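Visitor: Protein sequences, first through last, are from chains S, E, Y and W.
Oh and the first sequence: position 174 is 173 in numbering that gives the first Met the number 0, straight run, nothing missing.
Oh and the second sequence: position 288 is 287 in numbering that gives the first Met the number 0, straight run, nothing missing.
Oh and the third sequence: position 254 is 253 in numbering that gives the first Met the number 0, straight run, nothing missing.
Oh and the fourth sequence: position 100 is 99 in numbering that gives the first Met the number 0, straight run, nothing missing.
The set of hints was computed from the structure by calculation and includes no laboratory data.
Incorrect hints may appear among the rest.
Same chains, same names: a pair is fine if it fits in one copy or spans any two.
[What the hints assert, rightly or not] Listed below are the simulated DSS-like cross-link pairs for lysine-lysine, each with C-alpha atoms no more than 27 Å apart in a straight line:
#	residue 1	residue 2
1	LYS5	LYS69
2	LYS168	LYS193
3	LYS193	LYS5
4	LYS26	LYS117
5	LYS168	LYS74
6	LYS117	LYS5
7	LYS74	LYS193
8	LYS74	LYS5
9	LYS118	LYS69
10	LYS259	LYS5
11	LYS200	LYS259
12	LYS117	LYS193
13	LYS168	LYS118
All values derive from a computational prediction rather than experimental measurement.
Protein chains: 4
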Amino acid sequence: MIVILKQGTVQNEIDRLSDFFGSMGLKVHLSEGEHATIMGLIGDTSLVDPDMIANLEQVEAVRRIQEPYKKANRKFTPEDTVVDCSGVPLGGGNFQIIAGPCSVESEEQITFVAQEVKKAGAGLLRGGAFKPRTSPYAFQGLHDEGIRLLLKAKAATGLPVVTEIMDIKHLDLFADVDVIQVGARNMQNFELLKELGHTDKPILLKRGLANTIQELLMSAEYIMSGGNERVILCERGIRTFETATRNTLDLSAIPVLHEKTHLPVVVDPSHATGIARMVKPMAFAAAAAGADGLMIEVHNDPRHALCDGPQSLTPEEFAEVARGVFALRETLNA
Amino acid sequence: MIVILKQGTVQNEIDRLSDFFGSMGLKVHLSEGEHATIMGLIGDTSLVDPDMIANLEQVEAVRRIQEPYKKANRKFTPEDTVVDCSGVPLGGGNFQIIAGPCSVESEEQITFVAQEVKKAGAGLLRGGAFKPRTSPYAFQGLHDEGIRLLLKAKAATGLPVVTEIMDIKHLDLFADVDVIQVGARNMQNFELLKELGHTDKPILLKRGLANTIQELLMSAEYIMSGGNERVILCERGIRTFETATRNTLDLSAIPVLHEKTHLPVVVDPSHATGIARMVKPMAFAAAAAGADGLMIEVHNDPRHALCDGPQSLTPEEFAEVARGVFALRETLNA
Amino acid sequence: MIVILKQGTVQNEIDRLSDFFGSMGLKVHLSEGEHATIMGLIGDTSLVDPDMIANLEQVEAVRRIQEPYKKANRKFTPEDTVVDCSGVPLGGGNFQIIAGPCSVESEEQITFVAQEVKKAGAGLLRGGAFKPRTSPYAFQGLHDEGIRLLLKAKAATGLPVVTEIMDIKHLDLFADVDVIQVGARNMQNFELLKELGHTDKPILLKRGLANTIQELLMSAEYIMSGGNERVILCERGIRTFETATRNTLDLSAIPVLHEKTHLPVVVDPSHATGIARMVKPMAFAAAAAGADGLMIEVHNDPRHALCDGPQSLTPEEFAEVARGVFALRETLNA
Amino acid sequence: MIVILKQGTVQNEIDRLSDFFGSMGLKVHLSEGEHATIMGLIGDTSLVDPDMIANLEQVEAVRRIQEPYKKANRKFTPEDTVVDCSGVPLGGGNFQIIAGPCSVESEEQITFVAQEVKKAGAGLLRGGAFKPRTSPYAFQGLHDEGIRLLLKAKAATGLPVVTEIMDIKHLDLFADVDVIQVGARNMQNFELLKELGHTDKPILLKRGLANTIQELLMSAEYIMSGGNERVILCERGIRTFETATRNTLDLSAIPVLHEKTHLPVVVDPSHATGIARMVKPMAFAAAAAGADGLMIEVHNDPRHALCDGPQSLTPEEFAEVARGVFALRETLNA
């Protein structure tokens, strides 16, 4: 951490600051110049609150060098984390496609889709029971009934299931769910993250629409600091000025995250683009960029889906995407 | 609502669609052309889910004309809403400054600040007990103790208090709080919004960093559709590429909101800019643009605040800002 | 084009408007409802200025349905355009890598790099002679001497060359250049675009940092409407709030552009990310998403490059990227 | 400037780097720690290219402390610059409103508007002769004829005139123009900026839609480093995800710019919002935030303006805005 002091800070104030930082277990190296005096703080600064230091009377500015996250940081955990999703490994070379409908609608629907995506090579089944919707008047999901149907599809196919939680008070309903998803709008719902840190289930954490990669890692750190280190990160598009796609899929986040963290990274091209015919090229691109997995919406009848139909693939379209992704990965790993 | 059909849609499909829309209580007017056939849906479309229509087999695109919110819509409630905050009116010409520290730290601190801001003309006291922080390692607020101290400051000064809720499970602690704040990161925590719709307290709803003005109104609609129509909207900066200020304060949101909704609009220049010396010019600007109120951070000792010190004013600085704002409003209303 | 009239527009005003649109060669279909009266304008509206219509006294809003570009529009030119770059075809299944240093520095440097990238499979050589730099104090390129050296490297290798123009007054210097590049900062330098519309050279048009896909196509239309239809589009990252990469590479632009236009699309992962070790994954991703080509910075000695060294690959690194890209394309085309 | 070295950099490499920086006239102070070695470079680094340093073999990262602009920097020129616009002073307490139509259309139009805005208190007349338009099919301005008519309006009223240049080849036509405007799309047309640095006319430089405040200052530096120090900066909205207004007016830029530079800052609420009825509140806000001037579109007949009618005020509306702005400034200066 670099602390830049105000011009005119006098020697005994500098000494007092040095003592203060020393008392935090940090070594201090001083650079004095005409236009600025600079203190380099050396040691473990990941637990230091830069706001607090910026408030000190003589401080003009603070710049972090070390990252503010520790458990998610690849520097301290160099090996890729492999998250065990009820027997299906994800990360560290274990690539998985998570597929299924935006919303669970009926037992027939979810079981049929589950069978189809399994045949095509999906490793996990997704399906929404609690749906965050911008409008209070839009379909909000089947709730506990949705989870019940999802678990029936799991029983029928053996696929572990991923579904979204919107409030910790529903946690009991997730007892047999394999992976709990935190949606983009809740990425900084810190109370929810803290509680999920006390569970023993893998958490699929989606990046918020306006959140930086570093903030995504800080939210993972919230979960991990509670004791649950099984976090899967998910890039699903950020909000920019471009309106041709629903959001802008930030695929550079894949190599950036692989550098900064040991956690697995999956990509959701369905929500990012909002357009079914963009899913195939963006799924290929995500796999080519090194994603550890994909999350893809598949619906038996996209035209009549209760939500997000325009971005859902049919089972046949999904099978074609999966085939291409597997072939592409084989080439890249050859 | 305008529905654009695909090229090549045949007559009996058009007839079936017309019947379908008719069954929803909508009148249909048809425009057929060489490159596109267009259906204008006339009637109350605020409850129609455009996603559902976009999914219909013959539909190429859907464009809303009517806004998707109803209770928050000025078209249906032309008069300004005045929110009664335990006797202090806000909105419809009643301008209020909400002032106080980012975090409640001690009884002396919050009571002292409350007395000072009251003297300077503030109508409500703010103070954080539950603090959303990006890092799990940063100070998270005094929680129930914070609310207890805030209520002591209320007792000492008579100022109604505003404080943030982060999880509905804490609602009981807010029994004597006058206005409940929903922070920017929870603007689309729909489960929280729904529950607050069943309370009888004014809700101060902050705009999310990446949320459009329309999404802010949809979140207000979530609260209002539950029965609680006492919503105060708050612009506090949006996330853009500019890094000179923490966020970009979108003051155009004030006149836009005044057109679209009858709800009061307050502005928080402290969080938007993150820089104490920018608060005065931006507070003046917000008042000049027609805000119904301001929310300003004031701390007895900003250099040693436990959070957000760099953006807090001293009581003296606040008094100067308040004087200027009141003078400016008097001129504009003359 | 859809024209929404103000509430209360009376019949003889509607008639006058209908006549006015009729006089522009457009058919008008009318939908009258309680909350809005809507006119659908049918016919060729690509030359109609929506601003002008929005100004008409009775008009509340105008929504385009047809795109405002014609020559760049795939609807009117369904077949992919193949741009002939002095014998090297680009587009319509002809994939090309354009490689070379950010700046031409010396004859040895540019010739050496040209030979290396040719060996690795590059089809065109890039090298900057005129360099747009944010600071007036930064290296601005070798200008005419840079172009002279670039042409020497062309003579030595047979690779056609691509280099950027910053002002039309330099056009004479580009007489033997094969492809003229318009940089991101000049994407809406309309005077430059108009002049390039009168040349007979292929133009590589880079998307501006804050420009939508539609604006990119409108800038292509500027060139094409002048008579020069050999335009190559280039996605090179847009400006967002994320700072982990220099810009955010918008790979969804590839499938979107392929739908909207017949012009070829290349991607520049070097400038987009600004980080050499991100070039490989993003080059793979761009190829997988269906790009018609790549533009990659290669430098003999990136550590001592006079500009943009941190994002340049060594010839060896480039050869590895090229091998992977070719293998991946073979798999996808199988 | 702070230079962070890679872990494992050995002593004699550190010594060589120190010598290298010493040869650039900089003093070096070293901080060595377990996780990082840091060099503080002290002295005048405004002419040092951080890219070049980042390229050095042992360097991990470079952080600027000093700003990269010198002539525009308030640190070196503490007093406000007052730009003399043919006798009308702007800046340093001299507030001016620049008003007039988007496009010059006819002698009657421009002279009438000039007389009206002068009566209402405008100090300068604006009017476009060269118009940058997204579409090649939209009205592009009257060019030399437009400038001729503008000068007639100047002769009739005595108001100095401001008009936009789009290509330096037109410079001769601007011989009698008082202030030359550089539009947002040309803010980084560096060749144009360099040439304007050799003229002796005030330059009104508009901020680009995706440009940071620092980039705006760097573009001013381009002009100033050529010898022309009479630069007026103009905030006119930046591009964000919000679509309720055409752009997002960044009023925080006013106090930020006043801190960083001595150059005057004007605000254009007409282009920023694109909506006439937003001009008044945003003009008030800009004045309240400390702008040195405003730039406002006024048209005799906005409904039939050839461009940007929806954002133009009538002369009566403008007079009301001007009265309010002057009253508000009087209050703030009292």
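Visitor: Does each hint fit the structure? Answer for all of them.
Guide: We went through each hint and held it up to the structure:
1. Within a single copy, LYS5 and LYS69 get their C-alpha atoms only as close as 30 Å, which misses the 27 Å cut-off; across copies the closest is 20 Å, which meets it.
2. In the homo-oligomer, the alpha carbons of LYS168 and LYS193 lie at most 27 Å apart both inside one protomer (13 Å) and across protomers (14 Å), since each shortest distance falls under that limit.
3. In the homo-oligomer, the alpha carbons of LYS193 and LYS5 never lie at most 27 Å apart, since the shortest distance is 38 Å inside one protomer and 35 Å across protomers.
4. Proximity of LYS26 and LYS117 under a CA criterion of 27 Å is satisfied in neither setting, with 56 Å inside one chain copy and 44 Å between copies.
5. Taking the shortest alpha-carbon separations for LYS168 and LYS74, neither the intra-copy value of 35 Å nor the inter-copy value of 37 Å comes in at or below 27 Å.
6. For the homomeric pair LYS117 and LYS5, neither the shortest alpha-carbon distance inside one copy (62 Å) nor that between copies (33 Å) is at most 27 Å.
7. Proximity of LYS74 and LYS193 under a CA criterion of 27 Å is satisfied intra-copy only: 24 Å inside one chain copy versus 42 Å between copies.
8. In this assembly of identical chains, LYS74 and LYS5 lie within 27 Å of each other by CA distance solely across copies; the values are 14 Å between and 32 Å within a copy.
9. When the C-alpha separation of LYS118 and LYS69 is checked against a cutoff of 27 Å, the pair qualifies neither within a copy, at 40 Å, nor between copies, at 44 Å.
10. Taking CA atoms no more than 27 Å apart as the test, LYS259 paired with LYS5 passes between copies only; the shortest distance there is 16 Å, against 32 Å inside one copy.
11. Taking the shortest alpha-carbon separations for LYS200 and LYS259, only the intra-copy value of 23 Å comes in at or below 27 Å, while the best inter-copy value is 44 Å.
12. Within a single copy, LYS117 and LYS193 get their C-alpha atoms no closer than 33 Å, and across copies no closer than 37 Å, so neither meets the 27 Å cut-off.
13. Proximity of LYS168 and LYS118 under a CA criterion of 27 Å is satisfied in neither setting, with 35 Å inside one chain copy and 43 Å between copies.
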